[in-house]
Amino acid sequence: MQQNQKLAKQLMKKSKTARYERFGHLLSLSALLLIMAIVLGIIIFIATKGLSTFFKDHISLKDFFGGVIWNPGTQTPSGQQAVGALPMIVGSFLVTILAAVVSTPFAIGTAVYMTEISPKRGAKILQPVTELLVGIPSVVYGFIGLSVVVPFVRHTFGGSGFGILSGTFVLFVMILPTIVSMTVDSLKAVPKYYRQASLALGATKWQTIWKVVLRAATPGILTAIVFGMARAFGEALAVQMVIGNAALMPHNLVSPASTLTSVLTAGMGNTVMGSLQNDALWSLALVLLVMSLFFNLLVHFIGRKGAFKK
Amino acid sequence: MDKPIISAQNLDLFYGDFQALHGINLDFDANKISALIGPSGCGKSTFLRCLNRMNDMIDGVKITGTVQFHGQDIYSPQVNLVELRKSIGMVFQQPNPFPFSVYDNITYGLRIAGVRDKQQLDAIVERSLKQAAVWDEIKDNLYDNALAFSGGQQQRICIARVLAVSPSVILMDEPTSALDPISSAKIENTLLELKKDYTIIIVTHNLQQASRISDKTAFFMEGRIVEYDDTTKMFVNPDDKQTEDYVSGRFG
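Residue numbers (the UniProt record's numbering), protein chains in the order written: chain F, 1 to 310; chain C, 1 to 252.
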């Protein structure tokens, strides 16, 4: 009887491990809350700053997204405020899309070689090489772009060499490792038995790669490309060094242009807080933020649609 | 007596230093179901995979001896592996349809062989799904993802996928072990139907299944053949003591 009561008492008391568990739970929860608070804070801060161009300075959305003259604080010949962000938006999208278009075939080829054709050599040589490419600081990419790519473009295609094309070449190398490593992951995630079934039906290795493995991995490869594009879209320094930084509508691939990020990095030290010039830059930052959120949502959407059903 | 359609002679197989098969001699007759039984790890699946050279893909595998298919050594360097695997199809233990539509699954083997004619493809899809006894259940959903169907249906889709390329031999590696009894029964009935047109070699852990559907049974132990005979004799009156112990459930 006595023993039973003792046991009952013990059962009602919190054990040491339960306390530890609660402590760990709280610790990770608070870390999560902190990060969420920071992210939310950044978004709210940029949104209030960025939107004040429209609410405080009364710039119309049409002038901002449709205007082609960027010189905040001055007026266009037709009398509007010169805060047309269209050249930068076009510039950003052009370098991003071109870089993705150039990178993707190379990345898929490399990834197929690493996983399907020669996994041993892939793991030994190509894996470290792609990891190294990720680790190179972007200023180094920009420097190489400035001293190698820009002269090359100038000699081959004419113009000053600064422009969308040079930006594309530099971004191509920068986003290649991102797309390669994520494509490798998605190819590795294709179950082995798909390959076996294909080979057992009389398919060659090449047919198996092309018609089964790549097809089954398509959602993963799309995710990889979107991630690469997000990186290209957000890259500032290296692009700024080779694109020419003229806030003009690019009329060809070798004319100096600019991107959202390049205008931001070039202008952020030179404006006064609260002025129109400053607010306009925040609006560019807001566009960047919204775009990267969009890329993230796209990745989630593709990932959910393409997850392998077990 | 007809000539055997597949004949293995003195087949040895090594995984690196480990010898998995020891001097296997087996002849398989056309239009029969032959069952390979034995405890786990006895080499029956490994042997099955020798017959369409699926072991080629594994690193460090060495095979000696010969496997003849219609009198041709399939391990000779001149053999066209693509043609060989079209003639000797394989169904795996886990249903493994591609994550595409049923239609694309069935036509895969034909398309990679260059068949483009839509009418011909349609006809073959219908024929092979009917042969695999799954047509009635899925004929309205041919363009749905094959992974959306039940395990038993998926396995029959896989059988139909093999039938679509018109092999003469079908190798089956425990095709019903991942399925429930009702699905298994459906597949067994399918196999009995298919026997008229195809030669079937099936690895199974299910002794009742072997006795129900097969004409001949080979009993494997530790990489060797213990006994190979008509199924009725194997299960009623085997020559070997080990076979008798195994089929009566005394070990394994």
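A hint or two may mislead.
Said to hold, decoys possible - Subject to a maximum C-alpha distance of 30 angstroms in a straight line, what follows is the list of computed DSS-like cross-link-like pairs (lysine-lysine):
(1) C:K62 with F:K205
(2) C:K139 with F:K211
(3) C:K241 with F:K205
(4) C:K62 with F:K188
(5) C:K195 with C:K130
(6) C:K139 with F:K192
(7) F:K124 with C:K195
(8) F:K192 with C:K130
(9) C:K118 with F:K211
If you are wondering where the hints come from, they were derived from the structure by calculation, not from laboratory data.
Point to revise | Restraint status (C-alpha distance of K124 of chain F to K195 of chain C at most 30 angstroms) | key: Since the Cα atoms of K124 of chain F and K195 of chain C sit roughly 49 angstroms apart, the hinted pair is violated (cutoff 30 angstroms).
Check your understanding: Is K139 of chain C within 30 angstroms of K211 of chain F, Cα to Cα?
Key -> holds, 24 angstroms
Point to revise | Pair hint K139 of chain C and K192 of chain F, alpha-carbon separation not exceeding 30 angstroms | key: With a Cα-Cα distance of about 28 angstroms, the restraint between K139 of chain C and K192 of chain F holds, given a limit of 30 angstroms.
Review point. If you draw a straight line from the CA of K62 of chain C to the CA of K188 of chain F, is it 30 angstroms or shorter?
Key: With Cα atoms ~27 angstroms apart, K62 of chain C and K188 of chain F stay inside 30 angstroms; holds.
Exercise for review: Would you check the hint for K241 of chain C and K205 of chain F, treating anything up to 30 angstroms between C-alpha atoms as holding?
Suggested key: With a Cα-Cα distance of about 45 angstroms, the restraint between K241 of chain C and K205 of chain F is violated, given a limit of 30 angstroms.
Practice item. Compare the distance between the alpha carbons of K118 of chain C and K211 of chain F with 30 angstroms, and conclude whether the hinted pair is satisfied. Key: holds, 18 angstroms
Check your understanding: Keeping to a limit of 30 angstroms between CA atoms, is the pair of K62 of chain C and K205 of chain F held or broken?
Key -> holds, 21 angstroms
Check your understanding: Does K192 of chain F pair with K130 of chain C here, judged by a C-alpha cut-off of 30 angstroms?
Key -> Roughly 28 angstroms separates the two Cα atoms, so the pair holds.
Check your understanding: When you check the alpha-carbon spacing of K195 of chain C and K130 of chain C, does it fall within 30 angstroms?
Key -> Holds. K195 of chain C to K130 of chain C sits at ~15 angstroms (cutoff 30 angstroms).
The structure does not agree with the numbered hints 3, 7 stated previously, though it agrees with the rest.
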